[in-house]
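Participant: Chains A and B supply the protein sequences, listed in that same order. Count along the first sequence from 1, add 292, and you get the number used in the working numbering. Count along the second sequence from 1, add 73, and you get the number used in the working numbering.
Check each hint, because a few of them may be wrong.
To be verified - Footprint (simulated), chain B over chain A, 3 or more residues, beta carbon under 8 Å:
#1 420-430
#2 522-530
Claimed, not checked - SDA-like mimics (lysine to any residue), calculated; alpha carbons at most 20 Å apart, straight line:
#3 A:496 with B:93
#4 A:496 with B:146
#5 A:496 with B:158
#6 B:123 with B:173
#7 A:496 with B:177
#8 A:496 with B:153
#9 A:496 with B:85
#10 A:400 with A:420
#11 A:445 with A:360
If you're looking for bench data, these hints aren't it; they were derived computationally from the structure. Cβ atoms here follow ideal geometry from the backbone N, Cα and C, with glycine treated the same way.
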Amino acid sequence: MSELGVVQSFTVTFIVRRFNPETDTEPYWQDFDVEMFSTDRVLDGLHKIKWDQDGSLSFRRSCAHGICGSDAMRINGRNRLACKTLIKDLDISKPVYVEAIKGLPLEKDLIVDMEPFFAAYREVQPFLQSTSKPKKEHHQTIEQRERFDDTTKCILCAACTTSCPVFWTDGQYFGPAAIVSAHRFIFDSRDEASQVRLDILNSKEGVWRCRTTFNCTEACPRGIEVTKAIAEVKQAAISGVRR
Amino acid sequence: MKTLRLERLGWIFMRLSGVVLIALIFTHLTVNLMQDGGVKAIDFAFVAGKLANPFWQWFDTALLWLALIHGTNGMRVVIQDYVLRPRLRKVLLTLLAVSTVTLIVLGTLVIFTLDPCPAGTPADLLPSFCPAV
Ligand code: HEM
Ligand code: SF4
Ligand code: FES
């Protein structure tokens, strides 16, 4: 029996895909052994590596609590937030593979250039557009608010877009996250620019590139039904918006 | 593309043609491969007999056109997904278009111009309705 109050720790092997643009021509895998508790998260493992073993390891994180969207990465082949992936949910009898999300230009270690992702996001005009200037607040029924509730939860982590095979092979595709953000406003009863957004998403690289792979829904750390949202935007592009 | 919305048209077409193809393909398979002796019964007489019937002529035309256009649009999407080098992409898309047009033209010609009773052929190889020579 273990001593009372002592929490058991485990050695977890992380195999991290490293890349330093100043010295490397190709990314390579490097392993690290880290002492961890089952309540720790992958992010804690990366911290321990950076703080105690190799200060050059580079990754983004800000809130460390699943809300800023900066630490999406491929963990054991799946896009997850490092700060929401608990060690106890992984099989630590095997190494834990960690690499940058795919489809965006790799900058260093786990950091990618997010600009193409945000460019697509900006293009769908992700802000409320309303010409009416009511004297009181805009009224919206519970049902009207419910209509787009799911897509308000997006934290722009890019886990969905960088899990999409169409985005991998052809970086022109708007990608699921931009469509989710468009959905957020297309189905908002107060918004007046739905048609503008649908016209944008009707383009060659718009919603019609989606092949219903469901990778995005599986990847979303916020549990957004991304594929469903895309299907609803397709539906609206064919037969008009039904709020 | 903004006014025509070709990509949207393609998406709708894949679904509509898919539904129609289910009916056409399974009828085609049942009639050709399972009924009356099944696949062993297929010979010139069987095919020529079917293609002499206006119902099967139009049925096969619909199957030919829909399957080819559906398959071609599907392959177009696959090429766009996987072939990123612009030259190669153009070459493949052109080959695809040329082969589809060729197959549609040849197939349609065969369906409507096949002579079910070529002169000088032994009667046992021909459909029963051919006049005896
Ligand atoms: C049983 C009848 C069929 C149905 C219901 C059907 C349905 C569909 C649908 C809905 C798509 C679009 C998938 C998407 O956009 O995500 C598709 C794609 C495709 N279809 Fe069919 N189809 C049928 C028969 C055929 C036939 C006979 C061919 C070949 C001539 C064919 C070749 C293709 C190809 C190449 C694609 C593109 C594949 C891809 O998007 O990855 N299909 N089919
Ligand atoms: S939809 Fe989900 S996976 Fe995609 S960017 Fe938003 S939070 Fe991330
Ligand atoms: S660090 Fe903010 S979402 Fe993970």
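Participant: Compare the structure with each hint and give your call.
Facilitator: The hints, checked one at a time:
1. 420-430: With 0 residues closer than 8 Å to chain B, the segment 420-430 of chain A misses the three-residue bar; violated.
2. 522-530: With 3 residues in contact (Cβ-Cβ under 8 Å with chain B), the coverage given for the segment 522-530 of chain A holds.
3. A:496 with B:93: Status violated; Cα separation ~26 Å.
4. A:496 with B:146: 14 Å, holds
5. A:496 with B:158: The given pair, whose Cα atoms are some 18 Å apart, holds under the 20 Å limit.
6. B:123 with B:173: The hint is violated at about 24 Å.
7. A:496 with B:177: Status violated; Cα separation ~27 Å.
8. A:496 with B:153: The given pair, whose Cα atoms are some 11 Å apart, holds under the 20 Å limit.
9. A:496 with B:85: 14 Å, holds
10. A:400 with A:420: 35 Å, violated
11. A:445 with A:360: 11 Å, holds
Going through the hint list in order, the structure does not satisfy hints 1, 3, 6, 7, 10.
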